[in-house]
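> I would like the entire structure built from these sequences, with the hints used as guidance.
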Amino acid sequence: MKWDWNAVSDFMPHFWDGLLVTLEALALGSLISFGLGLVWTLLMRTPTRLVRWPVGIVTEFVRNTPLLVQLFFLFYVLPEWGLTFSALTTGVVAIGLHYSTYTMQVYRAGIEAVPVGQWEAATALNLPRRRTWTTVILPQAIRRVVPVLGNYVIAMLKDTPLLMVITVLDMMGQARLFSQQHFQFTEPVTVIGVAFIVLSYLASLLLRTLERRLVR
Amino acid sequence: MTSGLWELVLRGVWVTLQLLFFSALLGAAVSFGVGIARTSRLWIVRFVAGFYTEVFRGTSALVMIFWVFFVLPLAFGWQLVPMWAGTLALGMTYGAYGAEIVRGALKAVDPAQQEGGVALGFTPGQRLRKILLPQAVPEMIPPFSNLLVELLKGTALVSVMGMGDLTFSGKLVRLALQESAEIYTYILLIYFVIAFVLTRLMRALERRLKAGVGRGPERAVSAREPKRAETTGAGVAGVAGGAS
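Sequences listed follow chains F and A, in order.
Those letters in the first sequence? Residues 343 to 558, per my numbering, in order.
Those letters in the second sequence? Residues 31 to 274, per my numbering, in order.
Check the hints yourself; a few may be wrong.
[Claimed, not checked] Here are a few chain F residues that face chain A, going by a calculated C-beta distance under 7 Å:
1) N406
2) V411
3) Y418
4) A455
5) K500
6) T528
7) V531
8) S542
[To be verified] Calculated from the model, a selection of chain F residues having no Cβ within reach of chain A, i.e. all distances over 12 Å:
9) D352
10) H356
11) W358
12) L362
13) R387
14) P389
15) V435
16) L499
17) S521
Read the hints as simulated data drawn from the structure, not as lab findings.
These numbers were taken from a predicted model, which means no experiment stands behind them.
Cβ atoms here follow ideal geometry from the backbone N, Cα and C, with glycine treated the same way.
Shown next as structure tokens:
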């Protein structure tokens, strides 16, 4: 079998389309997971057990089951319940939900890493609870967790090809479509493999710079 | 659900467990091989091992699986049985993550222990076998436990290639029943139970290994925390601890 450069150049336009979709899914999925993760963390800190228990069980469940099956679940079950979304929306929600159970642990660690003295100082200054969180604790916690969150963005990047199974035309979806139409598998799959290495390398470089700025 | 459909699901569970077992074995071999190679004194060995981890952690597991299933047969003219193709792709990918765990744990052993070995005239192989590994391995268990759960979740990917694992049998049952919520809830529950059993087993293993080097286990909670930061690839130093 020979490597066919023509197939590569034929595939490139589709590749760029797929790249945009991948990046879009990554950006939205990250935002959802960051936001939702914080919500879980704060819920887990509420004093009532009635809140902590279900949140703990649900997040543990989501974290320990495959994203692929969760994608299928949302993609097939939501319409049965009368909720129809585009495939991309479903995929983004699934990725965001799955990774929010990881980011929640990151936030928790970040919050626990804020020195106790900061809490005590806030109490001493008689700051109301909400101001303690928004002006004292969270700004310090989030600085610490940004690099770890970045790691999860890279992990999410590598999970975006799963969206292919629910018909999203991300990089992987485009590669599969192309190979079905042209019977050339090697070139598109290899191009995408290289693209992933480049993307995750770039992301890690970016992350390292960010980390140097934030964590001193 | 009728019993025939349950049989299908059970067959899927069996395939998933087999795949998990084989790819965990290959993954462990790769982890230790590559992880130890990354601490080698020869730069070329370190470089090759580092290149391996960067490539396999940099690409997506699904892309690797596509590559093994579709590109290898075309490129080399032979095709692996699906079980071995899946094992190869998953073992190599997750082994690359595991290599970082091994490397980190080896690096975390007190340097004085190494020096003690040198002073006693141990060969590098003896130092590794008798001093470094017995102390490093118990430390690797919690992150490996998380990686094993990741691997379990990764096995679902082979269903995309039409391999009859748990996820795939779920798909078939869904087509038969025309009812998605029920079957996918069962499938998710089965995965969860397997993951739960795995983490319990790993915790027992950790306790036993730590007792072997005269240390009690840490608080049980620590094994549950996701150590995935170390396994997310693209070596990021610092808070995540995944320096590369």
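> Compare the structure with each hint and give your call.
Do the hints match the structure? See the list:
1. N406: 4 Å, holds
2. V411: 6 Å, holds
3. Y418: 4 Å, holds
4. A455: Hint violated; A455(F) Cβ to chain A Cβ min 9 Å, cut 7 Å.
5. K500: 4 Å, holds
6. T528: 5 Å, holds
7. V531: 5 Å, holds
8. S542: 5 Å, holds
9. D352: Non-interface label on D352(F) holds, nearest chain A Cβ at 17 Å vs cutoff 12 Å.
10. H356: Holds: least Cβ distance 16 Å, greater than 12 Å.
11. W358: 17 Å, holds
12. L362: 17 Å, holds
13. R387: Holds, since 16 Å exceeds 12 Å.
14. P389: P389(F) clear of chain A: closest Cβ-Cβ about 20 Å, beyond 12 Å.
15. V435: Holds, because the least Cβ-Cβ distance between V435(F) and chain A comes to about 15 Å, which exceeds 12 Å.
16. L499: 8 Å, violated
17. S521: 7 Å, violated
In summary, the structure is inconsistent with hints 4, 16, 17 from the numbered list given earlier, while agreeing with the others.
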